[in-house]
Each structure stands twice: as structure tokens, then as C-alpha cells.
Amino acid sequence: MYFPEEKNLKLKPGDIILLAFFILFSIVLFLKPFTAKSNDLILEVIKDGKIVYELSLSSSGEWDISDEKVRFRFAILKDKKVTVLDSNCPQQICVKSKMISKPGETIICIPNKIILTIKGKEKTSVDTTTY
Amino acid sequence: MIRQPIKYKEDLIIAVFIILASIFNIVETALPRPIPWLRLGLGNIFIISGIIFFGFKAGLIIGISKLIISSLFLGTIFSPAFFMGLTGTLLSIIIMSFTWKYLKKFFSVVGISMLGGVFHNIGQMIVILIIMNFSKALIIQFPIIIFFGTGAGFVIGLITVSFIKKWEAHFHAPPLTR
Numbered sequence: 001m002y003f004p005e006e007k008n009l010k011l012k013p014g015d016i017i018l019l020a021f022f023i024l025f026s027i028v029l030f031l032k033p034f035t036a037k038s039n040d041l042i043l044e045v046i047k048d049g050k051i052v053y054e055l056s057l058s059s060s061g062e063w064d065i066s067d068e069k070v071r072f073r074f075a076i077l078k079d080k081k082v083t084v085l086d087s088n089c090p091q092q093i094c095v096k097s098k099m100i101s102k103p104g105e106t107i108i109c110i111p112n113k114i115i116l117t118i119k120g121k122e123k124t125s126v127d128t129t130t131y
Numbered sequence: 001m002i003r004q005p006i007k008y009k010e011d012l013i014i015a016v017f018i019i020l021a022s023i024f025n026i027v028e029t030a031l032p033r034p035i036p037w038l039r040l041g042l043g044n045i046f047i048i049s050g051i052i053f054f055g056f057k058a059g060l061i062i063g064i065s066k067l068i069i070s071s072l073f074l075g076t077i078f079s080p081a082f083f084m085g086l087t088g089t090l091l092s093i094i095i096m097s098f099t100w101k102y103l104k105k106f107f108s109v110v111g112i113s114m115l116g117g118v119f120h121n122i123g124q125m126i127v128i129l130i131i132m133n134f135s136k137a138l139i140i141q142f143p144i145i146i147f148f149g150t151g152a153g154f155v156i157g158l159i160t161v162s163f164i165k166k167w168e169a170h171f172h173a174p175p176l177t178r
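As they're listed, the protein sequences go chains E and S.
The numbering of the first sequence is the working numbering, which starts it at 1 and goes up by one.
The numbering of the second sequence is the working numbering, which starts it at 1 and goes up by one.
It is worth saying that the hints were derived from the structure and are not from the lab.
Hints may contain errors.
To be verified - Here are the simulated DSS-like cross-link-like pairs (lysine-lysine), alpha carbons at most 27 Å apart as the crow flies:
1) Lys102/E - Lys136/S
2) Lys105/S - Lys12/E
3) Lys47/E - Lys136/S
4) Lys136/S - Lys50/E
5) Lys113/E - Lys32/E
6) Lys98/E - Lys136/S
7) Lys9/S - Lys57/S
8) Lys136/S - Lys119/E
9) Lys57/S - Lys96/E
10) Lys80/E - Lys96/E
11) Lys113/E - Lys102/E
12) Lys96/E - Lys69/E
13) Lys166/S - Lys57/S
14) Lys105/S - Lys10/E
15) Lys9/S - Lys12/E
16) Lys7/E - Lys165/S
17) Lys57/S - Lys10/E
Model the full assembly from the supplied sequences, consistent with the hints where possible.
Here it is in C-alpha cells:
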């Protein structure tokens with residue numbers, strides 16, 4: 001058994017640099033997607049790596065993307081928030097997750113391979129779209 | 001009279017560390033948390049202590065045994081969560097052992113714990129990326145996992161330092177004995 005020397009138990013400058021680097025790095029990367037405009041957002045629904053829906057957050061309602069193996073329902077509420085209503089995954093992490101409404105926020109259901117993510121609308125030649 | 005260091009068996013201490021790590025991990029899962037996937041990882045105190053006291057091999061034994069025992073009790077064995085934990089554990093133990101062996105000059109135990117926390121989360125993320133066919137939406141999650149990995153690693157590092165000091169005082173051993 002090797003007992004560490006006293007100097008290896010005290011905080012070193014390297015620790016502080018590491019802490020500051022990781023925290024700053026994550027904050028900078030985290031704030032990047034928030035630069036998108038908040039009034040024209042879309043919800044991207046990805047199932048098995050393929051985009052199955054691209055919905056505007058202003059279109060409230062319930063959606064069901066179940067198939068023979070997966071049971072999964074989510075809703076867009078009137079205040080432009082997205083929540084998972086029902087899923088057949090064992091740990092129910094996606095159902096317990098908090099509602100998402102800002103660009104970059106994501107709900108992931110690993111057992112069902114489903115990702116719900118909010119994006120800023122990309123520039124297209126079409127001015128407006130109605131659903 | 002000079003007190004002699006107590007003789008003990010390494011295997012016995014490693015076994016005690018495995019049991020403690022598993023118990024901490026199981027109890028921690030039952031505690032209420034603000035976000036479902038956010039955990040401090042109290043079991044990792046004993047993995048880091050194992051690496052520091054006995055080296056890479058002991059850390060690996062403690063880490064893998066902790067994972068298997070706690071997932072047997074929590075009912076998550078061979079689920080996606082189990083394989084996420086496995087990659088995270090392996091990657092973090094390799095990184096922590098390497099740092100402790102070769103980069104001791106720059107980082108203390110707290111720094112090693114922070115690296116372990118971050119690389120544990122990155123290891124988990126690699127499994128999620130493979131399951132989800134490398135979806136771009138997941139890249140956004142990286143800053144969040146690095147942030148919480150660093151925070152949890154820092155707290156766990158401080159606890160580990162005080163644990164090591166208590167453990168050492170208990171054995172009354174002079175520093176640098178094998």
C-alpha cells in the first residue's frame with residue numbers, strides 16, 4: 001500500500017487551471033446555441049437517427065410516434081414548451097425530464113432511440129409556413 | 001516506543017473498498033435528485049483511493065465490481081445504462097491512473113478526480129452517440145456533461161482527500177512505505 005505524500009493531497013495550480021478551463025469551456029459552448037432568435041423555433045424529432053418530424057413550437061398539440069416495439073407520446077403546450085407524456089422505457093428518464101422550450105435543449109430516450117431537440121429555424125426561401 | 005505499521009492484506013482492503021463503493025452507489029441512486037441523471041458518484045471515492053493506494057489494477061477491479069454489484073441490486077444489468085457506466089468507468093479509470101502515475105507534478109488528487117468525472121461522462125456519451133447513430137443534436141449535450149462532471153469531480157476529490165488522510169492516520173504508517 002502506497003500512502004501519497006502530503007503535497008499531492010493539497011490543491012495545486014494545475015487543479016485550479018483545469019477547473020477554470022473546463023467550466024469556461026462548457027459555459028462558452030453552452031451559450032452558443034442561445035444566440036438564435038426565440039420566436040421562430042422548431043422541434044426536431046429524431047427516431048433511430050432519422051428526422052421524423054420538424055414541428056413549429058407555435059403549433060400546439062399531441063403527437064404519437066409509437067410503433068410495434070416503442071410506445072412514445074409527446075406534446076407541445078400552448079406556452080411553447082415540449083414535454084413527454086408517455087413512454088415504455090424502463091427508467092422513465094424522458095418522462096421525468098423537465099419541459100424544454102429554448103434552443104439547444106434536448107430530451108433523450110435512450111432505450112427507444114428517440115431525441116427531441118429544439119432548434120432555431122434555418123433560413124429558407126419560404127417566408128412563412130402554416131400548419 | 002515507536003509504533004509499527006499494522007500488517008494487513010491488500011486483498012482484504014480492496015474487498016472492503018468494493019463493498020463500500022457498491023453500498024454508496026446503491027444508496028445514492030435512491031436519494032432524490034434535481035435532475036434524473038445527475039449524480040455525485042460517491043462510490044468513486046473508493047475507486048480513486050484504490051488507484052492511489054494500490055495502483056491501476058486495483059482501481060479497475062474495484063470499478064468493475066462496483067458496477068456489476070450495484071447494477072445487480074438496481075436491476076439495470078445489461079441495460080443501455082449498464083454499458084454507458086461500463087465505458088465511462090473504464091475510460092475514467094485509465095485516465096486517472098495515467099495522470100496519477102505520470103502527471104502527479106501538475107495535478108493533485110482533486111485534479112485527478114475532476115478528470116475522472118469529465119472522462120466518465122465523455123465515455124457514457126460515446127455509447128449514447130453509437131446508440132443514436134451519431135446524431136448532431138447530441139453535440140449540444142457535451143458542455144452540460146463537462147460542467148457537471150467537473151463539479152462532481154471537484155466535490156468527490158475533496159472528500160477523497162479527507163478520506164485518504166483519515167485512512168492514513170488510522171494505520172500510523174510513515175509516508176512512502178509499500
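Hints, verified against the model:
{"no.": "1", "hint": "Lys102/E - Lys136/S", "in the structure": "17 Å, holds"}
{"no.": "2", "hint": "Lys105/S - Lys12/E", "in the structure": "9 Å, holds"}
{"no.": "3", "hint": "Lys47/E - Lys136/S", "in the structure": "13 Å, holds"}
{"no.": "4", "hint": "Lys136/S - Lys50/E", "in the structure": "11 Å, holds"}
{"no.": "5", "hint": "Lys113/E - Lys32/E", "in the structure": "26 Å, holds"}
{"no.": "6", "hint": "Lys98/E - Lys136/S", "in the structure": "21 Å, holds"}
{"no.": "7", "hint": "Lys9/S - Lys57/S", "in the structure": "16 Å, holds"}
{"no.": "8", "hint": "Lys136/S - Lys119/E", "in the structure": "11 Å, holds"}
{"no.": "9", "hint": "Lys57/S - Lys96/E", "in the structure": "38 Å, violated"}
{"no.": "10", "hint": "Lys80/E - Lys96/E", "in the structure": "18 Å, holds"}
{"no.": "11", "hint": "Lys113/E - Lys102/E", "in the structure": "22 Å, holds"}
{"no.": "12", "hint": "Lys96/E - Lys69/E", "in the structure": "21 Å, holds"}
{"no.": "13", "hint": "Lys166/S - Lys57/S", "in the structure": "23 Å, holds"}
{"no.": "14", "hint": "Lys105/S - Lys10/E", "in the structure": "12 Å, holds"}
{"no.": "15", "hint": "Lys9/S - Lys12/E", "in the structure": "32 Å, violated"}
{"no.": "16", "hint": "Lys7/E - Lys165/S", "in the structure": "12 Å, holds"}
{"no.": "17", "hint": "Lys57/S - Lys10/E", "in the structure": "25 Å, holds"}
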